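Start from chain A and add chain B according to the hints.
Chain by chain, the residues run as shown.
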Amino acid sequence: MSSKSKENISAFVDGQQDNPQVIDKMKQDPKLAECFGRYHMIGDAMRNELPSQLNLGIADSVMQAIDKEPVVLAPNARQTANQAEQAAKSKSTTSSKVVQLFKPALQYGLAASFAAALVVGFQIEQNNTSVEVPQPVLQTFPIGGSLDPVSMQQVQSVQSVSSYDAMQQRQRINAYIMDHAQQLKTRQHEPMAAKPTKTQLEQHKGDSSETTQ
Amino acid sequence: MIRLKLLNNLTNTQPYQSANTRSSSHQNLSAWWFVFFRASIFGLLLVHFGLKANTDDAHEWLLRMQESSQTLNYEISFVVVNGNKADPWRWFHGTVGDNELEILTALNGPGQQLIRKNQVITYLQPEQPAYSIKDTITDGPIPELVRANIEQISLSYDFHLVGKSRVAGLPARLVRIIAKDNHRYNYWLWLHEDTGLLLKSAIVSENGEALEQLQVSNVQVFSEPSEIITEVDKADLPEAVMIKNSAPMQNMNWQIGWVPPGFEPVKVDRHYLYGTNKELVDYVMLSDGVVWFSIYLRQMESGETVKPVAFNSGANSYLTQQIQQAEVTVIGKIPAETAQRVVNAISWKE
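Which chain is which? The protein sequence lines are A and B, in order.
For the first sequence, full-length UniProt numbering begins at 1 and goes up steadily by one.
For the second sequence, full-length UniProt numbering begins at 1 and goes up steadily by one.
By construction, these hints were calculated from the structure, which means they are not laboratory data.
This list has only true hints and no planted wrong ones.
Among chain A residues calculated to face chain B with C-beta under 7 Å, some are:
#, residue
1, Ala175
2, Tyr176
3, Met178
4, Asp179
5, His180
6, Gln182
7, Gln183
8, Leu184
9, Lys185
10, Thr186
One-sided and incomplete, this derived list gives chain A residues near chain B with beta-carbon spacing under 10 Å:
#, residue
11, Asp165
12, Ala166
13, Gln169
14, Gln171
15, Arg172
16, Ile173
17, Asn174
18, Ile177
19, Ala181
20, Arg187
Computed from a predicted model, the values in this text were never measured in an experiment.
Backbone N, C-alpha and C fix where the C-beta goes; we use that ideal spot for every residue, glycine too.
Chain A extracted, bound-state conformation (with noise of 0.2 Å):
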């Protein structure tokens, strides 16, 4: 790999070069698109706009699974075809055909598979007094309309620290953030627990503080 197509492959990924043979020779040479890859990670690190945690396996690992996919992902025209002539035909008989017109619902066949062995171990006994198990955390993401995980902090005291420090706690913030919006989604608000209990009544008449232990 000559200093040359690095050069090449740098000036590519800033920006500054629009050579269609740069992407052909990165193509062919898995070295070269290794390299390519380098370059914008440590410009992502430059940014500081890498994620908390890297995988850097990814695009291997989904390789592999494309490879081991028994399925066919492209339908072939005449099958389409036939499939919307039978849907036409039966169409009282359709169950869960929930394709054409809403794409993300074709996640649902998926997810249900994924989802069992997402979650496992949450249960914890009610009178287990222990506190001390840290549980496996459900990944969620914020919904739009929460706060942003992203670098929004325009604190004074953090700018003030040293950067490494001020890195890392922007990433604790971040973390915070991601943490609650994930800890809303598994509120399991249940209307009947909700329900104001006598004790409850009286605290509101007081109206003053009250201690929660």
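Just chain B now, with coordinates in the frame of chain A:
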């Protein structure tokens, strides 16, 4: 409106008074007082009934909103405005047989979806496996008030039916849900005059500043559930996960000395902070039925210090502060002052 009534009463009592004073001598002062007293009692009663009727009406409207948004078949487009962000959403709702179904789709960015089938909520997000949670209230763009327990809320908030206006091209009623103290935000809801469906909502600070808003742009109500709803009804959704991970608060070696009245701990546990595998935090979630906020407490290593951080984004407040050898963080849609006061009241048990 109340003030108007009061004025009316005052003016109504005027002729009585003058007539009375004219006919009576100085000795008859007690009779004058009696009439005046009676008139003012009458006035007060009227004002009282006016207020009561107003509250009851608002209460009725809230119940109506809940009933219609949970039973009607509709398609609603709306935008959530939060700070400098505006997120458009589409909201389908319908009932198929005994099933209540709801689909919320984010229209911008990578597709995000929430699907409700009765008490099971499925979150579909890009680059993530979908999962379902048994829950009644979604963590989504729709204000929790749409499904909150009105009776519980009425302990901490007053309801006022304010007036009529036009929202999303439709006649609307404004219901204000006003906090009884200034430790939490107020909520304004504009409801469709004919159906009671939500047309607009705002989280409003004590100074009357709208911090977060939802604005409906299009409402369609159908007699039959739409095609998407019936399709989702037939689809296989991931099995719901039950989460019962609340431990009693007594197990924590710290306590919260003050929370705004009406807030109760709804979730207490100890877990690793999201995305980290080393930051163990004590966690408490508190709610008054309208708003949910989180308190985190992380034991710091010796020698470690944490700079205080506080910022607001829309209605959300974020506050981190060091208390002794622990980092305490409060996040949620509560005023910054409330967050500060909660943090200040945290102490260790002896």
